[in-house]
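Going line by line, the protein sequences match chains Y and F.
According to my numbering, the first sequence is numbered sequentially starting from 404.
According to my numbering, the second sequence is numbered sequentially starting from 22.
Rather than coming from a laboratory, the hints here were simulated on the basis of the structure.
Given the structure is predicted, the values throughout are model-derived calculations rather than measurements.
Just so you know, not all the hints are guaranteed correct.
[To be verified] What follows is a list of derived Cβ distance ranges for each label pair:
1) Y:Gly440 x F:Gly73: 11 to 21 Å
2) F:Leu158 x Y:Gly470: 12 to 22 Å
3) Y:Gln654 x F:Gly139: 40 to 50 Å
4) Y:Asn512 x F:Leu196: 26 to 36 Å
5) F:Ala230 x Y:Gly560: 24 to 34 Å
A virtual CB, placed ideally from N, CA and C, is assigned to each residue, including glycine.
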Amino acid sequence: MIEAHELTKRFGDKTAVDGLTFTVPPGKVTGFLGPNGAGKSTTMRMIVGLDHPTGGTVIVNGKPYAGHRSPLHEVGALLEAKAVHPKRTAYNHLRALAATEGIPPARVNEVIELTGLGSAARKKVGGYSLGMGQRLGIAVALLGDPHTLILDEPVNGLDPEGVKWVRFLARGLAAEGRTVFISSHLMSEMAVTADHLIVIGRGRILADAPIGEVLAGSQQERVLVRTDDAGALAAALGSPGVEVRRQEADQLEILGLSTRSIAEAAFSRGLLITELTPQQVSLEDAYMELTGGEVEYRSQHMSAPAGSAPDEEGRQP
Amino acid sequence: MSIQTAPTPAPARSRDGSGLSFGRILRSEWIKVTTVPSTVILLAITLVVMVGLSTLYAWQLAVSVGFMADASPEMQAQMGGGMEMFREQALMAPASGYIFGQLLIASLAVVLIASEWGTGMIRSTMVAVPTRIPALLAKNLIIALIAFILGAGAAFISYFIAQPILSSEGLDFALTDDGVLRSILNTGTYLAFIAVISMAIGTLLRNTAGGVVTAIGLFFVFPVIIVNIIQGLADWIPDAARFLPTNAGDRMLMFPAEAAGQLSPLEGGLVMAAWAVALLIISLLVAKRRDV
């Protein structure tokens, strides 16, 4: 269980994490989603005490991370793949970390097998590929058989087999009753891995809900219409809350109206419709819809006059 | 992949006997020091170079004395009292490798800690030991211990190698002679303080190149500049220069033990220890406070 309360981190006058309050419960995979620079890594680093919060608190399993007697048994963290001396072998890296808490060497061999490092574990880490480095990072996270796992972009650099493996691993660990907190900037990956999503943009929470709800919440009805007289149909449908986008001469995309309402409007005016197709909102669309506002907000800010005061969140343009 | 199935109860938070302890953190840091091959190689080189320098030192003393003995009586008279000076210099033979040994130990200590930042290893270390200070203390203790054993060991070996060389001119001496054991053991003490000061510099700067330059500057360049170039500017400068870490520390191994206007071996050792402890404490507090 991870509980963050008003967690804030400022670097100089830049606010990386802006008053995050959230709970990551055990027994589920919680996805932490956001565009690059949204504050995901900084938040995860604060959970394990690498960064000191500017404000607010975060506790893991009831205590600040540094307050635990066996931190590696409480939290397994993959924060960046190669937090390793390149001249040391993976085996010795794991052995050194295991030694801090008296984790037996048998467990080192176990995680080496579990993560598929195998014979590469006796080679120097400097020669590892991105994917192998990632496997070593996951091995470190699993070392203490922790109750809580924090994985920052774990599938980065993994091959398709590795991606699938991480997915099974995360779901398996959650099924065992552990807390699993995974960050990603890939909505599609989260959709198949996570049960619950926390979406952030520019350091603030945009959504904190079960994954189905996040998708449904952004799901506006979107219908593709083909008609001989697109102009007339567009005029007929125009009303508050409805958005009509002209895509081609004879093709419109309509948001905010059901297929039946569109058909009724066309029928009442005697317009011929040749195609009427409800559109599936893709995962990426849902994600862009959630975070897109943040991006737009930023570009608006760029055009603000020079020397303008920082906005209410203390950010400079 | 056995892990993907079977919903089982949440694992126990902590196993019997597990948990952080200073002894375990020491063991972890020991594994780290011994599993990077270049560290072990550098330590071996340091030992060889220290013993080699001491041997050369003893040899050049013997040659000098031999040269004097062969010289004309007038010249001997001119250099009168020289033999006493050579005897004193001979006592320095075991410790004389410290000059170069400190260079290597300082570099090693800086590299051991600064490379943790350079490689990102520090994040693994500080996630494993989130209170941070025990991990840094353990690393300091290990490098200080290694430096002590290396320094004292090299001086002991040098003592035994130097005796046959010195005895050819009657300059040999016994381990039990006044100050000999002090000088040999304090070669280790001196290097241990060098190691701690250097590691503090590496911790504060978090950068290998900058740390090595700063340490060498503090130990070599700064004392030399003060002693040789600017000491004439004011009376207090040479006076204060005695309290620089290396100037104070090498009193621990010098002969004669007491000299006019110089710190005694004990005073010198205490001054160097004060430098080491002060810098260690500052580096621990800064590392504790900073983001990693």
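Here's how the hints hold up against the structure:
Between Gly440 of chain Y and Gly73 of chain F the beta carbon distance is about 55 Å. The supplied range of 11 to 21 Å is therefore violated. Look at Leu158 of chain F against Gly470 of chain Y: about 19 Å separates their beta carbons, and that is inside 12 to 22 Å. As the Cβ distance of Gln654 of chain Y to Gly139 of chain F is approximately 57 Å, the hint placing it in 40 to 50 Å is violated. Checked against the hint of 26 to 36 Å, the pair Asn512 of chain Y and Leu196 of chain F fails, with Cβ atoms roughly 49 Å apart.
In this structure, Ala230 of chain F and Gly560 of chain Y meet the distance hint of 24 to 34 Å, their C-beta atoms being roughly 30 Å apart.
Violated hints, in rising order: 1, 3, 4; the structure is consistent with all others.
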